[in-house]
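Sequences are here, hints too, so could you generate the full structure?
Chains as they are written, first to last, in the working numbering: chain D, 19 to 282; chain Y, 0 to 376.
Treat the hints as calculated values from the structure; they're not laboratory data. Since the model is a prediction, treat every value here as computed from it, not as a measurement. Note that beta-carbon positions come from the ideal geometry of N, C-alpha and C, so glycine has one too. Where hints are given, some of them may not hold.
[What the hints assert, rightly or not] Partial list, computed: chain Y residues near chain D (C-beta under 7 Å):
hint, residue
1, SER278
2, THR285
3, PRO293
[Claimed, not checked] To spell it out: a stretch of chain D is covered by chain Y in this simulated footprint if at least three of its residues, at any positions, have a beta carbon under 8 Å from a beta carbon of chain Y; those stretches are:
hint, region
4, 116 to 124
5, 134 to 146
6, 189 to 197
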Amino acid sequence: MNAIQVPAATISRDVIVGIARLNKSFGTFHVLKDIDLDVGRGEVVVIIGASGSGKSTLIRGVNGLEMYQSGRLTVDGFDMPTEADREIGGERELARIRKGVGMVFQQFNLFPHMSALDNVAIAPIRVRGHTPDEAKANALRLLERVGLRDHAHKFPDQLSGGQQQRVAIARSLAMAPHIMLFDEPTSALDPEMVGEVLDVMRGLAREGMTMMIVTHEMGFAREVADRVVYIDHGRILEIGTPAEIFDRPTHERTRTFLSRVLRH
Amino acid sequence: MTTVALRWVHRNLFAKPFDAALSLVVIPLMAWAVYAFAYWVLVQAHWQVVGGSFKVLMTGIYPADQLWRAWFSVATICAMFGAGLGLSVRPGRAALTVVALVVTLTGVMVAVAIDAHSGMLAAGSAALGVAAWCGVHRSALDQRLALSGLLAGVVAIFVVLSPPGFDVWGGLLLSVVLTIAVSILTLSFGILLALGRQSRITSLRLISTAYIETMRSVPLILVVYWIWIIVPLLAPDTSVPGLLRGMAGFALFFAAYVAEYVRSGLQAVPKGQIEAARSLAMSSWTLNVDIVLPQALRVVVPSLVGQILDIFNGATLVFIIGLTDFLRAGQMILADPQNSGRTYEIYVFLFAVYLAIGGVITYASRRLETHLARGSR
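Listed below in C-alpha cells is the structure:
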C-alpha cells in the first residue's frame with residue numbers, strides 16, 4: 019500500500035456553501051423542502067425552475083435575506099442563523115457572512131441618491147473601513163472592468179438598465195466576495211441589454227469566481243454552468259452537468275419545463 | 000408689445016362675459032385698495048415709532064450695552080443661511096444682484112431708522128451671508144461638514160447670547176433663535192421617534208407610538224405650559240430658565256409631527272434598497288444614515304420646511320410663559336401710552352417682517368427640493 023495515498027473524504031471539494039435538509043415556509047406555504055446542495059469553491063451553479071418554485075428564495079437564503087426554519091446552511095464555514103436565532107439578534111453574525119457574499123438583484127437596487135462611483139465605494143468605506151481615497155480608486159478599477167469608467171459620476175437614473183446592472187455587479191465585487199449570488203440579473207432588462215450583463219458574468223466565471231445564478235437564460239446556463247439545479251415546487255428534482263440536464267433530463271417534469279422554456 | 004399685452008388681457012381677463020364682469024368689479028377694487036394702502040404707507044403712517052422702538056422689536060429687553068452679542072448672532076445666522084444656500088443654489092448673477100440690492104436697501108433703512116453704525120452692521124452681516132453663499136458653493140463643501148458647521152453656529156449663538164441671562168432674550172432675535180434651535184432638536188428627536196416606531200424591539204415601538212399619538216392629540220400651548228410648570232416640580236432645587244423650558248416644550252411637541260413626516264418618507268424607500276444595503280453587510284446604523292434616511296428625508300423636505308414655518312409662527316405662543324417674542328415686543332411698544340395711536344404701523348411692520356421671513360424660508364425650501372431631486376427617486 020502506498021503510504022501517501024489520501025483518504026477519499028479529504029480530497030472532496032472545498033465546500034463554500036453547504037446546504038443540508040433546509041426547510042423554509044412563508045406562514046403555511048412550504049417554499050423549500052429538504053434542500054441538499056453543496057457549492058464548491060470556484061464552481062458556477064445555475065438554478066432553474068418555474069416561477070414560484072423557490073429558486074430565488076433559495077439563493078436569497080444564502081446571504082440571509084430569507085430566513086429558514088430548519089436544516090443547516092453554512093457559508094464560508096459560518097453557520098447561518100435560523101429564524102429562531104434571529105429573533106434574539108444575530109445581525110452581527112449575518113453581517114460577517116454577508117461580507118463574503120455578493121448579491122445582484124433583478125431590480126438592480128442601486129442607491130439612487132449616489133453616483134455610480136459612490137454606489138461602488140460606499141460599502142468598502144462604511145463596512146470594511148477603507149479610506150475614501152482607496153475605496154474610490156478601487157471603485158474606478160471595478161467600473162473600468164465592467165466597462166463603465168466613463169459613467170462613474172452619473173447617477174443611476176442617467177444610466178440604462180444594462181449599465182445599472184453592471185454598476186450593481188461592480189458594487190458587489192467591491193466587497194471582494196468569495197461567492198456571488200445572481201437573482202435573475204437579466205429579467206428586468208430590455209433584450210438588447212442582456213448581452214452586456216451576461217458578458218460581465220462570463221468574465222467572472224472565467225476568473226474562477228464562485229457563483230450561484232438564478233436565470234431563465236438557458237443558453238447562458240449551458241455555457242457557463244458547472245452544474246445545473248432544477249427546482250420544482252420547492253424540491254431539488256435534478257442536479258447535473260448542463261449536458262445531463264439539458265440533453266438527458268431524467269424527470270418528466272424537467273423535460274416539460276425545458277420544452278416550455280426552450281421552445282422560443 | 001402692446002398687442003401681446005392686449006391679447007393676454009383679453010384671454011385672461013375678458014375671455015367670457017362672466018370673466019369680463021368679474022374683472023370690471025375686482026380690478027378697480029384692487030387698484031383702490033392698493034392705492035389706499037400705498038398712500039397710507041408712504042404718506043400717512045408715522046414710521047418713526049418703528050425706528051424709535053427698533054431695539055425693542057429686535058431684541059426685547061436685552062441689555063443695550065450688550066448688543067454686540069445680538070449683532071454677533073445676526074451675523075452668524077446670516078452666515079449659516081448663506082452657507083445653507085451655497086450647498087444647493089448656484090449664486091447666479093441675477094440672484095446676486097437682487098440680493099445686493101436688498102442688502103443695500105436694508106442697510107440704508109436700518110441706518111435711517113436707527114443710526115449709521117447699525118446700518119453698517121446690518122449690511123455687513125448680510126454681506127457675510129452672501130460671502131458664505133459664494134464661498135461654500137465654490138468650495139463644494141461636504142454636506143456632513145456643513146451640518147457640523149450649522150450645529151457649531153447654533154452653539155456659538157447660545158454661548159455668546161447667554162451671559163446676560165436667558166430671561167432677557169426677546170424680540171425677533173428670540174423668535175429666530177428659538178426657531179433654529181427647536182428645528183434642529185425636533186428634527187433629530189423626530190427621526191429617532193420615527194425609527195423607534197419602526198423598530199423590531201416591541202417596547203421601543205410601543206413607547207414611540209404612544210408618544211407620537213399623545214403629542215398629536217393635545218394642543219401646543221398645553222404642552223408648552225405643562226413643561227413650564229412641571230420642570231420646577233421635577234427639579235425643585237435648580238432653576239431652569241423659562242426660555243429653555245419653552246424650547247423643550249416646542250421640541251417635544253413638534254417632534255411628534257416630524258416623526259410622522261419622516262415615517263411617511265421611510266415608507267417611501269423601496270424594500271430593495273434595504274436588501275441591497277443588507278447584502279453589502281451594512282450595519283443598521285450605516286443602512287439608516289447612508290441609505291434610508293437620505294432618501295426618506297428627500298421626500299419629506301417640503302413638509303419639514305413647512306414644519307419650520309409652523310415653529311416660527313408658533314413661537315409667538317411663548318408669551319404665555321412670560322417670554323417676549325417678536326409679536327409680544329410689538330404689543331409691549333403699543334402698551335406705552337405714547338405710542339397708543341401707532342397700532343397700525345406696528346402691526347403692519349410685524350406682518351411685513353413675518354411675511355418676508357416666511358417667504359425666504361419657502362423660497363429656500365423650493366430650491367432645496369430641486370437640488371435634492373437630482374438622481375432618481
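Hints the structure fails to honour: Of the numbered hints, all hold.
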